[in-house]
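*Asks:* Chains as they are written, first to last, in the numbering used here: chain V, 1 to 254; chain D, 1 to 254.
Do not rely on the hints blindly, as some may be mistaken.
[As the list claims (entries may be wrong)] Simulated crosslink set (PhoX-like; lysine-lysine; CA at most 20 Å straight-line):
(1) V:146 with D:165
(2) D:165 with D:37
(3) V:146 with V:172
(4) V:37 with V:165
(5) D:146 with V:165
(6) D:146 with D:165
[To be verified] Here are the simulated distance ranges between beta carbons:
(7) V:155 with D:4: 41 to 47 Å
(8) V:143 with D:37: 41 to 47 Å
(9) V:46 with D:31: 46 to 52 Å
(10) D:241 with V:81: 48 to 54 Å
(11) D:218 with V:213: 54 to 60 Å
(12) V:37 with D:4: 52 to 58 Å
(13) D:239 with V:163: 54 to 60 Å
(14) V:104 with D:4: 44 to 50 Å
[Claimed, not checked] Take a look, some chain D residues computed to stay more than 10 Å from chain V by CB distance:
(15) 52
(16) 58
(17) 73
(18) 77
(19) 104
(20) 130
(21) 141
(22) 230
Calculated from the structure, these hints are not laboratory results.
As the structure is a computational prediction, the values presented were derived from the model and not from experiment.
Note that the Cβ used here is the ideal one computed from N, Cα and C, for glycine as well.
There are 2 protein chains.
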Amino acid sequence: MTLKLYHAEPAANSLKALLYFTERGLEFESVYVDLHKFEQHEPWFVAINPEGQVPVLDHDGEIITQSSVIGEYLEDTFPEAPPLRPADPLGKARMRYWNKFIDEHVMNYVSMWGWHRMVGVIARSIESGEFERLVERIPLHEQREKWRTARSGFSQSDLDNATRKINVAVDKVEAQLAGTTWIAGEVYTLADINFFSMCGMSLERMFPEIGNPDRCPRLLDWVARMHQREGVKAALAMPDHTNPALRTFTGEAR
Amino acid sequence: MTLKLYHAEPAANSLKALLYFTERGLEFESVYVDLHKFEQHEPWFVAINPEGQVPVLDHDGEIITQSSVIGEYLEDTFPEAPPLRPADPLGKARMRYWNKFIDEHVMNYVSMWGWHRMVGVIARSIESGEFERLVERIPLHEQREKWRTARSGFSQSDLDNATRKINVAVDKVEAQLAGTTWIAGEVYTLADINFFSMCGMSLERMFPEIGNPDRCPRLLDWVARMHQREGVKAALAMPDHTNPALRTFTGEAR
């Protein structure tokens with residue numbers, strides 16, 4: 001039996017998928033996909049995931065995409081490993097409510113700021129004929145548009161809306177942590193992994209005006225508790241090939 | 001033990017939740033929430049769901065929101081009733097991939113056209129002071145914006161983008177049904193209920209230029225098979241209080 005994970009740097013969706021393994025002690029084969037070389041749009045990769053996105057799980061030849069779907073799949077497939085999903089139906093529902101919220105109302109908005117600050121620099125560094133050639137082979141319309149917008153610049157109103165969404169999310173998590181130890185209740189779950197990977201790990205660095213102890217002390221305490229976990233340490237220790245000057249998620253750049 | 005479902009007309013998210021019960025033969029108490037009277041924003045309802053949206057499940061006092069979350073919750077809670085979720089992990093992953101796709105890339109776009117054609121008529125019929133008073137008490141920013149936009153009119157570029165998304169979804173389902181009987185595989189699942197409620201049931205009426213036998217014969221065959229199911233018939237037979245002239249989902253209006 002082989003579990004093969006195609007992933008990029010330990011941040012965002014790739015970190016989320018890596019944590020499923022490091023937190024549960026599941027062995028896997030790591031296949032690094034170099035987003036800086038646009039490998040996720042190469043024919044060999046699109047043959048594996050027609051959407052041209054990481055992470056992708058290959059379990060004995062069966063391909064599973066979408067990081068939230070991969071998390072539940074690994075829970076269903078390996079129930080004997082330490083679980084990241086509550087045992088009771090209500091706990092599962094609370095976790096799924098949060099995962100849905102993070103997937104739909106957090107991920108794309110933090111991502112927009114990351115693209116604005118990092119991918120825009122990359123996109124503008126490419127000569128325009130080459131840029132269009134690279135964009136044309138991206139399978140998903142939304143991703144093609146995102147690359148073009150990263151090059152031309154996101155509108156201020158879109159960036160403002162993204163900031164508003166991040167403020168709403170931070171308030172919501174801060175309020176939740178007033179009542180529970182972890183995001184979906186008293187048990188550490190896939191929802192903690194999701195929010196940490198998509199927002200929590202980068203909040204203080206990317207959005208210091210939001211991610212500061214006056215504004216969200218409980219959330220920052222939770223971030224500190226996340227960093228103390230051995231599984232989190234192991235995933236974050238995986239190689240990061242991003243140019244350090246461009247590390248909006250994992251490094252210094254803003 | 002009581003299962004109480006707060007819902008509106010048998011269409012979209014409310015139909016989706018009603019089908020979980022009618023398809024599985026689960027008994028429940030139906031609580032009709034009149035969206036035409038904005039009951040979902042009344043204090044008594046916001047006390048139940050702070051987001052001010054239907055459907056809501058009350059299971060012995062525990063509140064579960066979000067129709068996709070409710071579906072999995074009922075699977076976890078009543079495994080002895082006829083299941084709408086595959087037994088094997090891979091089948092569950094396929095179903096969740098589709099549910100995520102429908103939740104994120106279909107629902108809001110069909111909804112925009114429904115709002116453009118129906119809710120816009122309602123919103124413009126309200127005197128402006130009264131309109132602002134009604135909008136101010138809507139809990140979610142996105143819903144307040146949607147009401148205001150429905151009144152002022154959605155932009156042509158947003159409507160064009162919604163049409164493009166619906167075309168992508170129809171192509172994707174049509175391609176899937178070339179290989180499998182139901183949307184997520186050989187088993188009827190929550191994904192069929194999701195796509196039917198959000199798009200399939202209204203496709204021919206709302207988008208005849210897309211939902212026609214030349215364009216998507218397999219999808220229309222699947223719609224016909226959905227309509228033959230006793231559980232679907234039972235849910236669609238529930239009362240519809242919409243002004244018939246405004247029934248974009250369930251009636252004639254376009």
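*Asks:* Does each hint fit the structure? Answer for all of them.
*Replies:* Results for each hint:
1. V:146 with D:165: Holds - the C-alpha atoms of residue 165 (chain D) and residue 146 (chain V) are around 16 Å apart, at most 20 Å.
2. D:165 with D:37: 31 Å, violated
3. V:146 with V:172: 27 Å, violated
4. V:37 with V:165: Between residue 37 (chain V) and residue 165 (chain V) the Cα gap is close to 31 Å, so the pair fails against 20 Å, i.e. violated.
5. D:146 with V:165: Holds - the C-alpha atoms of residue 165 (chain V) and residue 146 (chain D) are around 16 Å apart, at most 20 Å.
6. D:146 with D:165: Cα-Cα ~18 Å, so holds.
7. V:155 with D:4: 41 to 47 Å: 44 Å, holds
8. V:143 with D:37: 41 to 47 Å: 42 Å, holds
9. V:46 with D:31: 46 to 52 Å: 48 Å, holds
10. D:241 with V:81: 48 to 54 Å: Holds, since residue 241 (chain D) and residue 81 (chain V) (Cβ atoms, about 50 Å apart) stay within the stated range.
11. D:218 with V:213: 54 to 60 Å: 56 Å, holds
12. V:37 with D:4: 52 to 58 Å: 55 Å, holds
13. D:239 with V:163: 54 to 60 Å: 43 Å, violated
14. V:104 with D:4: 44 to 50 Å: The hinted range 44 to 50 Å is violated for residue 104 (chain V) and residue 4 (chain D), with Cβ atoms some 26 Å apart.
15. 52: 15 Å, holds
16. 58: 12 Å, holds
17. 73: 4 Å, violated
18. 77: Nearest chain V Cβ is 5 Å from residue 77 (chain D), so the label is violated.
19. 104: 6 Å, violated
20. 130: 27 Å, holds
21. 141: Residue 141 (chain D) not clear of chain V: closest Cβ-Cβ about 7 Å, inside 10 Å.
22. 230: 26 Å, holds
In summary, the structure is inconsistent with hints 2, 3, 4, 13, 14, 17, 18, 19, 21 from the numbered list given earlier, while agreeing with the others.
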